[in-house]
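There are 2 protein chains.
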Amino acid sequence: MITLEDLAVQAGVSHSTVSRALADSPLVNPQTKERIQNLARESGYQVNQVARNLKSRTTKTIGLVVPEVSNPFYPELIQQVADHARLAGYSLQLHLSAADQESESACIASLSGNRADGILLVTGERGLVARNQVNSVAAAGTPVVIMGWVQDAEHLDLVAGDDAVGGRELAHHLSDLGHTRIAVLGKAPHRGALDRMVGFTGALTERGTPLLPEMVIEVASEEGVRTGVTDLLKLPEPPTAIFAYQDSLAAVVYRQLEKEGLSIPDDMTVVGFDNLDLATYLSPQLTTVGTHISPLTSAFVSLLVARIQGTYPDPAPQSIIVTPKLIVRSSSAPPRSQLNLTDSIS
Amino acid sequence: MITLEDLAVQAGVSHSTVSRALADSPLVNPQTKERIQNLARESGYQVNQVARNLKSRTTKTIGLVVPEVSNPFYPELIQQVADHARLAGYSLQLHLSAADQESESACIASLSGNRADGILLVTGERGLVARNQVNSVAAAGTPVVIMGWVQDAEHLDLVAGDDAVGGRELAHHLSDLGHTRIAVLGKAPHRGALDRMVGFTGALTERGTPLLPEMVIEVASEEGVRTGVTDLLKLPEPPTAIFAYQDSLAAVVYRQLEKEGLSIPDDMTVVGFDNLDLATYLSPQLTTVGTHISPLTSAFVSLLVARIQGTYPDPAPQSIIVTPKLIVRSSSAPPRSQLNLTDSIS
DNA sequence: ATCAGCTTTGCACACGATTGCAGAAATACT
DNA sequence: AGTATTTCTGCAATCGTGTGCAAAGCTGAT
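The listed protein sequences correspond, in order, to chains R and F.
Take the first sequence: its letter number 159 is residue 159 in my numbering, and every next letter is one higher.
So the number in my numbering is just where the residue sits in the second sequence, counting from 1, plus 346.
Since the hints were made in silico from the structure, they are not lab data.
One should not assume that every hint holds.
What the hints assert, rightly or not - Reference excerpt, derived from the structure (chain R facing chain F, CB under 7 Å, subset only):
(1) Gln49
(2) Ile78
(3) Gln93
These figures come from a predicted structure and were not determined experimentally.
The C-beta atom is built at its ideal place from N, Cα and C for all residues, glycine as well.
All chains, please: the whole structure from these sequences, using the hints.
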């Protein structure tokens, strides 16, 4: 690899002059400057960022920690974060926290070691695992912004969706359609007051049709979803609607219902959560809830960048909460009995 | 950020001793070593990788350049590459080449500037755009391995799938089912002798049922797919099977057919290419062609790592070609006329 | 010719780590 | 006690850039 010094001897000047010439400094003679710049171009000189970073004590790099990448939600997010970061003049260092078992802590340690100027941390289902790490790098002066809900986040910058509102809207939608026997395939609430389950169950209770215990199925795997669905169908009074905790689970529900010979939405209403691209690929297209992801990522990145540059007006930790919206597509309809009723009226 | 020197003054020794102690060198007194290590742990010392990289003239980092991330093929690839890289002791620097218009060249320049130890470059539909960049960084001593087909690749290391074989198998499958009026939604061949279109059309011609010109539709956008499908259906003799160039296009074909009131595979056979997870989410599940991605990524990473470490036995450029396989699911069936015939026989 | 003022260049240090080498301290041996 | 040997520690150079400061070169005015 060719260095400043190499160019310097070729041009018959000192490396300082070369450095200044390439930085287009007014301190060097225009002719020399031109000569050096040409030389650099011809020889394919590539500045050594490692050395520059060491000297400047900054890397113009932000770390992005994401749990995984098989759930299509994350790629969309990565793409947008990458775009925003690039626009702000930062490049991205991606780490997958669920991949290695050391998880988040290892990712953050690595980023901190590489002296990333700031860290964007997207939490997975387990919430903020590496709380201590986060505190210590934040204390050491590296700004960290979290995306996703975490407990006791008073002293952290974070961006999150208010999933409870989304769950509530979904519940109202189903209730409005006339569903009363509603099943849930999901996971235990893990986002406190902002959890989608909390909103969903709360709203149903308010409507006077609380969730029945046998209708709530916790699923961990794809297999769990399949058996969950068949179990539901075997109930003496099976549900007329299923709320899948994530769009990706809804996709599995679709397959299983098809296998059981039921059609959506005639025999069963299915709704999801997240509004992935996937939701529109499914047939029928999935009724779901989601935020426009772009304002979310935009807030995410710009808050971090402002923190890095010290330009954010308010030094206190910020909580930016985004409210998702209901998106009605073709997978939800009135329950069959209701449908028949309507039919006979018309 | 706390440095070696800081620890040194706290411990009352020189920074050299601290460095050696943390490296667990036998050259330092066991007690001092212990004391220093404890000190480092308590004070949360994080070695400055930037400085270390400068000194060691190596970064233990490999750059991964991927066109985009909205096609689910790439996230799967990223995940696996990340895993393999981590196992080999390297961390990953991800760049999206279609995101910024400067494209590949800029990504490679950036990686080269950051002194990545090696570069993995996944080409998109446009092939190898940054050929010159690749040559120059390779000449400068940074190994580059390419994934995907590129023209005139004799002097490059690359890993590619032999899509022609896949296209051929797909053609045989359709032909065996009895289809003769077959349509193609795709893009112009861009992978030379390894292109899926080449294999597909070639095999059909061999079978004596060459593709009809009006059945070949080049599509650029999602909108193009939709109009393409409706146009096909308006033909005096519409096709009985559609080959979508990518699984993600097949998903759009599904939607459009549904809108047109046709059912798959009864009224129309649809096949794709890539074998994304998406293919199994669709209903009916999509017949497609794909490689198991994991041997591919494994070869990809281990070739690069071997190049970096100089342990690859053969110094000559390698071309590793992987053959994909046909995966028959529920979206392909004999054409309707044929079906009726069969019915009446049985 | 002298000196002030401006332009241009190079010296030398810094960033934070690693490491060869020399020398100090401790121990072993005669 | 004196020397040889081992063990341990610190000095200083290095990686490649950036930059304050001093000084050299040049111009022009007196």
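| task | Using Cβ atoms only, decide whether Gln49 of chain R comes closer than 7 Å to chain F, and label the hint accordingly. | result | Holds. Min distance 4 Å.
| query | Taking 7 Å as the limit, does the beta-carbon of Gln93 of chain R come near enough to a beta-carbon in chain F? | reply | 6 Å, holds
| query | Hey, does the Ile78 of chain R contact hint survive, CB to chain F under 7 Å? | reply | 6 Å, holds
Consistency note: the structure conflicts with none of the earlier hints.
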